[in-house]
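Following the hints, put chain B in place on chain A, whose structure we already have.
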Amino acid sequence: MEPIIRVTDVTRRYRLGKQNYVDALRGASLSVAPGEMVAIMGPSGSGKSTLMHIAGCLDRPDAGEVWLVGRRVDTLKGRELARLRGREVGFIFQGFNLVPTMTALENVALAAEYAGASRKTAAMRAQALLENVGLADRLRHVPSELSGGQQQRVAIARALVNEPAIVMGDEPTGDLDTATSNEIVGIMRDINRDRGTTFVIVTHNPEVAAACDRTVQMRDGVVDGQLLTAG
Amino acid sequence: MRTLRSIFRRKLRATLTIFGITIGVLALVVMGSIAEKLSLLVDGGTEYYADKVIVSGSTGMGGFSTEPISTDLIADIEDVDGVARAAGSVMMLLETDPSAVSMGVAANIQATDFREEGFETFESEIVEGRALERDDRGVAVVGADLVSRLDAEVGGTIDVRGEEFEVIGILGKTLTAPDMAVQIPLADAQRLLVADLPSAIAESVEPATLITSIAVYLDADADPDEMAEVIAHQVPDITAMGPAGFEASVKEPLKIFNQIIYAIAVVSLLVGGLSVVNTMTMSVAERTREVGVRKAIGATDGAIMRQFIAESAVMGLIGGLVGLGLGALIAAGGNQAGAASATELFLVTPRLAIGSVAFALVLGVLSGLYPAWHAARLNPVQALRYE
Chain A
1 MEPIIRVTDV
11 TRRYRLGKQN
21 YVDALRGASL
31 SVAPGEMVAI
41 MGPSGSGKST
51 LMHIAGCLDR
61 PDAGEVWLVG
71 RRVDTLKGRE
81 LARLRGREVG
91 FIFQGFNLVP
101 TMTALENVAL
111 AAEYAGASRK
121 TAAMRAQALL
131 ENVGLADRLR
141 HVPSELSGGQ
151 QQRVAIARAL
161 VNEPAIVMGD
171 EPTGDLDTAT
181 SNEIVGIMRD
191 INRDRGTTFV
201 IVTHNPEVAA
211 ACDRTVQMRD
221 GVVDGQLLTA
231 G
Chain B
232 MRTLRSIFRR
242 KLRATLTIFG
252 ITIGVLALVV
262 MGSIAEKLSL
272 LVDGGTEYYA
282 DKVIVSGSTG
292 MGGFSTEPIS
302 TDLIADIEDV
312 DGVARAAGSV
322 MMLLETDPSA
332 VSMGVAANIQ
342 ATDFREEGFE
352 TFESEIVEGR
362 ALERDDRGVA
372 VVGADLVSRL
382 DAEVGGTIDV
392 RGEEFEVIGI
402 LGKTLTAPDM
412 AVQIPLADAQ
422 RLLVADLPSA
432 IAESVEPATL
442 ITSIAVYLDA
452 DADPDEMAEV
462 IAHQVPDITA
472 MGPAGFEASV
482 KEPLKIFNQI
492 IYAIAVVSLL
502 VGGLSVVNTM
512 TMSVAERTRE
522 VGVRKAIGAT
532 DGAIMRQFIA
542 ESAVMGLIGG
552 LVGLGLGALI
562 AAGGNQAGAA
572 SATELFLVTP
582 RLAIGSVAFA
592 LVLGVLSGLY
602 PAWHAARLNP
612 VQALRYE
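Line by line, the protein sequences are chains A and B.
Position one of the first sequence corresponds to residue 1 (my numbering), numbered consecutively onward.
Position one of the second sequence corresponds to residue 232 (my numbering), numbered consecutively onward.
Just to be clear, a hint being listed does not mean it is correct.
Residues of chain B clear of chain A, computed beta-carbon distances all greater than 12 Å [what the hints assert, rightly or not]: (1) Arg233; (2) Thr234; (3) Arg236; (4) Ile238; (5) Phe239; (6) Asp307; (7) Glu348; (8) Arg380; (9) Thr407; (10) Leu428; (11) Asn489; (12) Asn509; (13) Gly586.
Pair ranges (Cβ atoms, derived) [stated by the list, open to error]: (14) A/Pro43 to B/Thr234: 37 to 45 Å; (15) B/Val502 to A/Pro206: 57 to 65 Å; (16) A/Asp137 to B/Ala494: 44 to 52 Å; (17) A/Lys120 to B/Ile487: 50 to 58 Å; (18) B/Ile487 to A/Tyr14: 58 to 66 Å; (19) A/Arg72 to B/Thr234: 32 to 40 Å; (20) A/Ser31 to B/Asn610: 23 to 31 Å; (21) B/Thr234 to A/Arg193: 33 to 41 Å.
Partial selection, computed: residues in chain A whose CB lies under 10 Å from chain B [unchecked claim]: (22) Tyr14; (23) Asp59; (24) Arg85; (25) Glu113; (26) Gly149; (27) Val161; (28) Asn162; (29) Met168.
Hints are computed from structural coordinates only; laboratory data are not their basis.
Here a beta-carbon is modelled for each residue, glycine too, at the ideal position from N, C-alpha and C.
Isolated chain A (complex conformation):
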């Protein structure tokens, strides 16, 4: 089957100063099938997040090709990249990263509005998704009134509001305790199964990786191993 994400020999160098730079990616390649749930693991600085950012259209590679949902994206300009990112990719972050002045409902609706939905449609879709992740009674709460697990569920709803083909998680359980972490992984797993959404999750947590279909191991800016989860 045609992969939904295909990253080939991608390099990315970050300049820190005039003479100082970091090679975050040194020719990394990754292929993800539609509906797959993939974990990316590796030590700090191995390039996991950079790979995820590039695959998710947040960043562009210095060299190499990136294909997403059948389209080459590494050559796209900022505006098109933002559009594609808004429609095809949902992001979940470690620090939840909700807009603090907005309610749960508004946070989720915002992503839909950025993708061009009217305020009303966006709010309706947001409400349905929040009800899906069990937050029907927290629609009008701002992030500071929600627990970590609840905030991350809002973030998941936000990632799904434009019905993207792919959801990228950057250590989505990093700030959560074990029980809540399992709960969040469970929700992602359910979405993956029910909607066929592809998940790419950067994580340090072996339990999270174990819940995925496949684990990609990174080291020094390249993918240096893969592990299919039994089951």
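This is chain B only, laid out in the frame that chain A set:
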């Protein structure tokens, strides 16, 4: 609503910033309303002087002279080619010792010989009672701004230079010179004028021959400024002023005064604008991560830019509206306080109100441009990593 919540996330800072704009707009409204008042006053003058020549004594400055001249001049001037009619009038200050320095026009007494009837187009409306008539004696028509100061009511009496005059009419507000005038019959004014002269001279003159200025109405095709020169040339010992003379002696100095007033207000508003730039720049720096998130969930650079510009625009707008409200309040309070002495100093015109709020809004938008552009350009990955 979202914009408001974003702004007031830092309550103290947002309030202080808005307060900065408020003070600027307040200054603009209060000082601007003084300028507006003076401008209207002068516009009235411009209208009055537009089609005629004012002749007064050789030391005088056009229509503002109180130096006595002879009524014989009326006939001399009417002999000049191009003159349709000359009308004599007396103008003198209402108070013999004008103790209060007044902005604009001082309270004055005006009287005319009615020869201008049918020629004068500038009319003051009588809102109560009736206008003066040719044979009236000992009566007065009071200008709008002097009503409360003189405690005037139709049927009552007022004190004019120590003499009692019966009030027969009240003038409507014109926002220009007639508001500060008491109109009395010419004969009465001439008597008061003579009483003002040194006694040696006073005994030797006939009051009925004295006036202080002559309004010269011209044939339809005559140019008033050229005619002023012609009259000054043909009639000795007088000054003649056309519309250009009024412009030069009154309008130009006022223009400079207004420019200074507006410049001060605009400078104070610009200071307020800089504080918006500062606040927005800080706000963008603090919310770098938020910008990263918004971009990650699909915000274009344009959407980020619009968001921050909207915030600074709203700050400008709130500051502008509050400043206008306070300014209007101060102007109203100032006018109320000054009403007793007939010194209405402020006039908040619609164009001033709309102009100052619009200026604050534009200033808000401009102040937000750079911070917003800076926010929109942030690299999403770096913004997300920002702690």
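Each hint tested on the structure:
no., hint, verdict
1, Arg233, "violated (7 Å)"
2, Thr234, "violated (10 Å)"
3, Arg236, "violated (4 Å)"
4, Ile238, "violated (9 Å)"
5, Phe239, "violated (9 Å)"
6, Asp307, "holds (80 Å)"
7, Glu348, "holds (68 Å)"
8, Arg380, "holds (55 Å)"
9, Thr407, "holds (52 Å)"
10, Leu428, "holds (78 Å)"
11, Asn489, "holds (43 Å)"
12, Asn509, "holds (21 Å)"
13, Gly586, "holds (33 Å)"
14, A/Pro43 to B/Thr234: 37 to 45 Å, "holds (43 Å)"
15, B/Val502 to A/Pro206: 57 to 65 Å, "holds (59 Å)"
16, A/Asp137 to B/Ala494: 44 to 52 Å, "violated (58 Å)"
17, A/Lys120 to B/Ile487: 50 to 58 Å, "holds (56 Å)"
18, B/Ile487 to A/Tyr14: 58 to 66 Å, "holds (60 Å)"
19, A/Arg72 to B/Thr234: 32 to 40 Å, "holds (38 Å)"
20, A/Ser31 to B/Asn610: 23 to 31 Å, "holds (27 Å)"
21, B/Thr234 to A/Arg193: 33 to 41 Å, "holds (40 Å)"
22, Tyr14, "holds (9 Å)"
23, Asp59, "holds (5 Å)"
24, Arg85, "holds (6 Å)"
25, Glu113, "holds (9 Å)"
26, Gly149, "violated (19 Å)"
27, Val161, "holds (9 Å)"
28, Asn162, "holds (7 Å)"
29, Met168, "holds (9 Å)"
Checked against the numbered hints given earlier, this structure breaks hints 1, 2, 3, 4, 5, 16, 26; the rest are met.
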